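Protein chains in written order, with the working numbering: chain A, 155 to 473; chain B, 155 to 473.
Hint data in this document are derived by calculation from the structure and do not stem from the laboratory.
One or more hints might be untrue.
Note that the list lumps identical chains together, so a pair holds whenever it fits in one copy or between two copies.
In silico SDA-like links for lysine to any residue, alpha-carbon gap of 20 angstroms or less [what the hints assert, rightly or not]:
1) 234 - 255
2) 428 - 220
3) 189 - 418
4) 428 - 398
5) 380 - 370
Remember, it's a predicted structure, so these values are computed and weren't measured experimentally.
Number of protein chains: 2
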Amino acid sequence: MIHEAILDHLRRSDAYLSGEDLSALLKISRQALWKHIQQLKEEGYEIEAVPHLGYRLVSSPDRLFPCEIATNLGTKFIGKKICYFDTLASTMDYAEELGLKNAPEGTVVVSEAQTKGRGRMNRQWASLKYKGIYLSLILRPKILPNATPVLTLLCAVAVCDAITEVCGLEPKIKWPNDILIHNKKAAGILTELNAEMDAVKFVVIGLGINVNNDAHQLVEGATSLKDQKKDVVSRVRLLQEILRCIEEKYLLCQKKGSAFILEQWRAYSLTLGKRVRIASHHTHKEGQAIDVDSDGALLVRTDSGLIERVTAGDVVHCR
Amino acid sequence: MIHEAILDHLRRSDAYLSGEDLSALLKISRQALWKHIQQLKEEGYEIEAVPHLGYRLVSSPDRLFPCEIATNLGTKFIGKKICYFDTLASTMDYAEELGLKNAPEGTVVVSEAQTKGRGRMNRQWASLKYKGIYLSLILRPKILPNATPVLTLLCAVAVCDAITEVCGLEPKIKWPNDILIHNKKAAGILTELNAEMDAVKFVVIGLGINVNNDAHQLVEGATSLKDQKKDVVSRVRLLQEILRCIEEKYLLCQKKGSAFILEQWRAYSLTLGKRVRIASHHTHKEGQAIDVDSDGALLVRTDSGLIERVTAGDVVHCR
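Kindly produce the complete structure, drawing on both the sequences and the hints.
Structure representation (structure tokens):
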């Protein structure tokens, strides 16, 4: 809290802020202030201290510190509570525990690295320290369990909006939850549900985004925003934009229903119109992906002309 | 473990078992044996000790101790691991935590009393100590999330089978999950789901059964098996039968699909054929309950002739 206040005052100051003024503002001794400044420096903040002039914030470290995310975030409830870790086994597991302990809607768990990060179907998710965004978000929508998949679509669209806005790239969505740029995977979304039969208790949305990974740090078929943009991306700015976009769409859904999400999803979709092969639970299906349903199911017209609803599985886009 | 072995030997013995033989069988000293016997007595086991003859088990306490449940249970996986508590906040919360920690399928959490027992929609569930069965069961079915409701139907049928078998009563099911005897509620079932969008991770089934509550210990509209049978019911025997019935149906479902569950459910149903009023999320519907769907939804023919699927809510049987 005191660190955030110090940074806040330094950011607002155009020039140097004297130690006397700063310690008075914070109601702490100058010696205590000096100690806090040292701690901030250790966290990577570059703070210049000039005798008789005072302190000046030169630069902030590339870290997803809650105080960085909270600055000018401008959301109503998403990100009001942020749990930050340097390393965590899995942000999903941690968020799930918080969910069971009644953490408020909008709680965000973010970690600079994960030792057991996971994607869909318990697959491993590589989390390169300080290079990506690995976060889990707790939502408590008042919906039936079978209406949950639309939240995955909502978040996919929100992430695409944010990448477009912050990076100027052209992201696309591969059903159900992969975000691709130039046909390479840049981000994945995982939705986990905790529900009674007739009411969702909470949903945890997991985002894993390759942001500043260098080309040699990516597996085949993967890319990063830096790799595509040929420039470093501010993880804080991107994360803020994502949280804002999710909240905006989520609130609009509550007011107007989720039809607009499907519209926006279709516009980003790389899958619709393509011939697809779907592998799920030891079965294979092939056909033309023609649309996405209000519950997130992919509608596929098979060669026999039947239209099948696909709710699970991995999609391969055929040539 | 040693207590279970002692009880096991005493049960198998027709007459007295000498301390010498018993301590030899268990490979412990006679002094250690004596201590364990004292502990068992404190737990409520009546064990007669006659000089020169030995020990004899006279009676077991009416407790749901794991060793009691495990004796002659005869299941393959349900109840192989039992977590027993004298008092617990909620068996559901505890089982959910176990589920997240990868507890094996079939794990049972049972408590003699709950301080925060809950039913559907976070409603309070009264748990009278030593009088009922309050348990949660972890299942890990390989199904899609939207196929989960049939597990509630399965368990309702299993509980009805067990009550019929053990008590000779005629239980009925009120959609979706109330078990009634002579129109009064004797048991409730709660199903909670932890899932990804395309795979169930685990399901926790909660059972709350009024077994030996006396008439004055029941709220209006509720009954107990003792109240109906006019005799005390063995909670251990009933619990064992329930676990066996659930396992049998669950395994059959995996082999043959869930159609037979719907058949059995219909036979126990008190709701089908009745005029019903359904309250859910601030809306009301009224009509004739005509059937239950493969996903557990109630099909209701409204006065306008439309057939509506009801997946959530509270049902009132009209006259």
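Subject >> Hints breached by this structure >> reply: 2, 3, 4
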